[in-house]
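Protein chains in written order, with numbering that gives the first Met the number 0: chain A, 0 to 291; chain B, 0 to 263; chain C, 0 to 343.
Please note that a few of the clues may not be correct.
What the hints assert, rightly or not - Within a straight-line C-alpha distance of at most 25 Å, the following computed DSS-like cross-link-like pairs (lysine-lysine) qualify:
1) 124(C) / 268(C)
2) 138(A) / 318(C)
3) 111(C) / 32(C)
4) 154(C) / 268(C)
5) 48(C) / 77(C)
6) 249(C) / 138(A)
7) 249(C) / 164(C)
8) 100(C) / 50(B)
9) 154(C) / 164(C)
10) 77(C) / 56(C)
11) 268(C) / 243(C)
12) 138(A) / 243(C)
13) 340(C) / 249(C)
14) 57(C) / 138(A)
15) 249(C) / 268(C)
16) 205(C) / 100(C)
17) 48(C) / 50(B)
18) 48(C) / 32(C)
Think of the hints as simulated: they come from the structure by calculation, not from any bench.
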Amino acid sequence: MTTQDIQALSPAVPTSKGVLSRLSPLYGLLPLVAFLLFFFVGPLLLNLAESLGMTQAGIDFAQYRRIFADIYYLRVIAETIILGVAVTVICAIIGYPLAYAIARSSGLQKSLLIFAIVIPLLVNVVVRSFGWMVLLSGKGALNWVLSSFGLPTLSLMYHWGGVTIALVHVMLPFMVLSLASTLETLDPRLEEAAAVLGASRFATFRRIVLPLSLEGLMTGSILVFTLCVGSFVTVMLLGSTSTMVLPLLIYQQLNIASDWPFAAAMGMVLLTIVMSVLWLQARLRRTKWRAS
Amino acid sequence: MNSLPLWHRLFVAAVVIFLAAPVLIIVGVAFTSAEFVTFPPRGFSLRWFEKVLTDAQFMVPLWNSFLLGVASTATSIVLAVPAAITLVRNQVPMKDAVLAFMLSPLSLPTIILATSLLFFLARFGLGTSPVGLLIGHVIITVPYVLRTLLGVYAGIGPETEEAARTLGAGRWRTFWHVTLPMIRPGLLAGGILAFLLSFDEVAVALLLSTTDTTTLPVSLLSYLVYNYDPAVAAISTVQIVIVVVLLLILERCFGVNHLVLPSK
Amino acid sequence: MKRFSCALAALNAAALIGASTLAAMAEEPKPEKIVVTAYGGIWAESVAKNYAPCFEKKTGVRVEILTGESSDWLNKVKANPGNSPIDVITLSELDSLRAAKEGLLEQLSVEKVPNLASIPDAFHKPWDDYGVSGNYGAMGVMYNSQSVAEPQSWKQLIDDIAAGKYGEKVAWPSGTYTWGPSQLWWVAQQYGGDIDVAFEKMKAIKPYVVKFWTTPVEALNLFATGEVDVLVYWDGRAFAFINKGNDWAKFSVPEPGGVVSLVMQSVVKGANPIAYEYIDCVLSEEGQVGNSQTMRYPGTNSTVTYPDDLRAEFTPMEKVKVPPYSEIIDRIPEWIERWNKEMQ
Chain A
0 MTTQDIQALS PAVPTSKGVL SRLSPLYGLL PLVAFLLFFF VGPLLLNLAE
50 SLGMTQAGID FAQYRRIFAD IYYLRVIAET IILGVAVTVI CAIIGYPLAY
100 AIARSSGLQK SLLIFAIVIP LLVNVVVRSF GWMVLLSGKG ALNWVLSSFG
150 LPTLSLMYHW GGVTIALVHV MLPFMVLSLA STLETLDPRL EEAAAVLGAS
200 RFATFRRIVL PLSLEGLMTG SILVFTLCVG SFVTVMLLGS TSTMVLPLLI
250 YQQLNIASDW PFAAAMGMVL LTIVMSVLWL QARLRRTKWR AS
Chain B
0 MNSLPLWHRL FVAAVVIFLA APVLIIVGVA FTSAEFVTFP PRGFSLRWFE
50 KVLTDAQFMV PLWNSFLLGV ASTATSIVLA VPAAITLVRN QVPMKDAVLA
100 FMLSPLSLPT IILATSLLFF LARFGLGTSP VGLLIGHVII TVPYVLRTLL
150 GVYAGIGPET EEAARTLGAG RWRTFWHVTL PMIRPGLLAG GILAFLLSFD
200 EVAVALLLST TDTTTLPVSL LSYLVYNYDP AVAAISTVQI VIVVVLLLIL
250 ERCFGVNHLV LPSK
Chain C
0 MKRFSCALAA LNAAALIGAS TLAAMAEEPK PEKIVVTAYG GIWAESVAKN
50 YAPCFEKKTG VRVEILTGES SDWLNKVKAN PGNSPIDVIT LSELDSLRAA
100 KEGLLEQLSV EKVPNLASIP DAFHKPWDDY GVSGNYGAMG VMYNSQSVAE
150 PQSWKQLIDD IAAGKYGEKV AWPSGTYTWG PSQLWWVAQQ YGGDIDVAFE
200 KMKAIKPYVV KFWTTPVEAL NLFATGEVDV LVYWDGRAFA FINKGNDWAK
250 FSVPEPGGVV SLVMQSVVKG ANPIAYEYID CVLSEEGQVG NSQTMRYPGT
300 NSTVTYPDDL RAEFTPMEKV KVPPYSEIID RIPEWIERWN KEMQ
């Protein structure tokens, strides 16, 4: 903020009492903002400084040039985003009917469904990945079932296929819980009214349920996408050298090559990507609201 | 759910099987007598449970993880609830930017966060303290709680709260008796996610834990890199049982319908 | 009343977990302790069983074990100078060089660690005595003896894999695994030290490699479930598997020998000098034989004699090679990048 900006602002806040009464409704934001400013932005700046080589004199963009001047890294970035989008879309498609079922059930049935949803989160990511290996590998359970029915076997391990399946599996809870909690707030009488008025199930869904649950869909998508583009253990264990994602490269740089500056730069790139997606989503939502 | 069409119910059943399959495999493996994890499983034995339940290498971290999960969830809720209410109900300047900022920890890969946080906290003497570990986990869990809260709260109109205020309820009474019950689905969904995330978080815990604060995922991961026997499956099964018991207690106390359903 | 009984239920659940924890902890913590590091599982068990008792007997000080990975420990020490949560750190060969360069470690000497005198130079001199390895593991080949024959030499093995003789049933360490670059260096040595040829060869075997493995446990999983018949693997871990009743599996180190992995033990700068005693215990006869029995890896102390069954498994020192890490350390990031780009 320049001094002009501050001067431009100051006439609006003439007295200290005025400042307080203006800000008082925003007190609620303070604890979280302060917490994140210190404990998140602090380390983030440290990371940024590391990526720019600021421990020595001056600023050096060499690490960023390394990323953006190399078609390999650009491709990895693109594939990381594509994987994130694909997993998000699949989770939304699979998760929606499930969330709806949760919202429209009650009692024991509902509890069981909620429990079923969080099952994947109960097991450590490495252990879960080994579970998938047992299921998907050449001599695994899936192929055992397939071949006993005389069907051709599948090879899903060490490709994007297996990676995507395992990621959808663990991301689904985030999508479903987000969706279900907004669908809960939706009054079922709205749908009943639509049905009485002769709307088909699909029309009711498209015109009433879906628009009213957009907020939950957005929440779920943001959580799934951001988590997905940041995860690497699943990709490392179920993928191969040809299924590379940015966080896995970061892991290698930190743990094997011991190159924090390069890892830090890649981390900043990933952060920027996700922040842009968050911003874009906020933009889109606003234009949509304005249109409707 | 019984009112749903057959295809819908079948679909739900299929997805539930998909969700449970790899975990059921793990649970199955925990009861085998074999030294290795194979399919189909061979032999029945409780030896792996005996091993992990008497092994401080697993039990101490399990307790640590449990405490850390509860503490991170509680701290996240305390930070996120006022922020969510303010964001939805007040004119916040640059709302999109503030929101994006609050959710941004979601987008930093945890390994990067962990490394920079370690060096940052160490400057304040928190590099080896349990508080540092808690801070690290709250950074990770708080956006989930905030986002799920916003998702629910944004869909609720201000009318009920306004009515309460008009009828003379103070700010706190309105909050306790009107707002809080309305946002409960978001609170519980976010709280469950936060607890489970913290319970399973490994990158931050690896760098910020000490011999006294080792968490289960950390000890599990270092065990797993060099050993692959059903002990890992057994401790995972124990982990599942604990979470199930927790969910049951939650359900008993707050009632089945209140677990995710808002009180109307 | 309902609230109360719920609180009671929650307390009970907590108490149950707590009680089993206490039972598992068994011994009371003493005020004085040193913190040493170990990889998880059997490694940590070996430290608790073989190194810690020796040290505790000598000094009366308790040993606490921090499990994890080399790079994590290094970061913890680096971030907390003067306040290190670790006293004796075990690092990978490369991390040990890095840590010494940053001045994080104490230099060892025969005065401080008498048993150092019996350790061959190869296991500490290249590190300028800032670290010493108590054991070594050799990279060889574990194979399914029912379906494939013992590989004779690395060159022959690579050519046979590339010719499809083993089918698509091979697992090989990835260049991005901690010791991947070392194995890559070793392959290059088979072809006059030319790293380009090593990459060529890796590309040639790629169609037959089920997975270039990045963690030892996934590699073992592939072999144990029959996904692969040929696994390039560590000797000690291979014998641990074979000895668990898997007679069909055999292990051998092809000519002219195998590259080794070391566990570099160092005293962290600023640690209590009593920590040297711990390293002396690691290098003592008691520590060496005990650790070998648990881990199936040979110790480095040349004066120690082992039981026959153990000796039969050991890859003799003449057959192993320690890569010149101080020479290749600067090239490793480049190799990793090249591996990522070329091996997809």
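Right, here's what the structure says about each hint:
1. 124(C) / 268(C): At roughly 19 Å apart (the allowed maximum being 25 Å), residue 268(C) and residue 124(C) satisfy the hint.
2. 138(A) / 318(C): Distance ~36 Å between residue 138(A) and residue 318(C) Cα, so the pair is violated.
3. 111(C) / 32(C): holds (19 Å)
4. 154(C) / 268(C): Answer violated: residue 154(C) to residue 268(C) is near 43 Å, above 25 Å.
5. 48(C) / 77(C): violated (29 Å)
6. 249(C) / 138(A): The hint holds at about 21 Å.
7. 249(C) / 164(C): holds (18 Å)
8. 100(C) / 50(B): Since the Cα atoms of residue 100(C) and residue 50(B) sit roughly 42 Å apart, the hinted pair is violated (cutoff 25 Å).
9. 154(C) / 164(C): Given pair residue 154(C), residue 164(C) holds - Cα atoms ~14 Å apart, limit 25 Å.
10. 77(C) / 56(C): violated (31 Å)
11. 268(C) / 243(C): violated (41 Å)
12. 138(A) / 243(C): This hinted pair holds, its Cα atoms lying about 22 Å apart.
13. 340(C) / 249(C): Violated, at about 34 Å.
14. 57(C) / 138(A): Not OK: residue 57(C) and residue 138(A) at ~52 Å, beyond 25 Å, violated.
15. 249(C) / 268(C): Roughly 43 Å separates the two Cα atoms, so the pair is violated.
16. 205(C) / 100(C): Violated, at about 36 Å.
17. 48(C) / 50(B): holds (16 Å)
18. 48(C) / 32(C): Holds. Residue 48(C) to residue 32(C) sits at ~17 Å (cutoff 25 Å).
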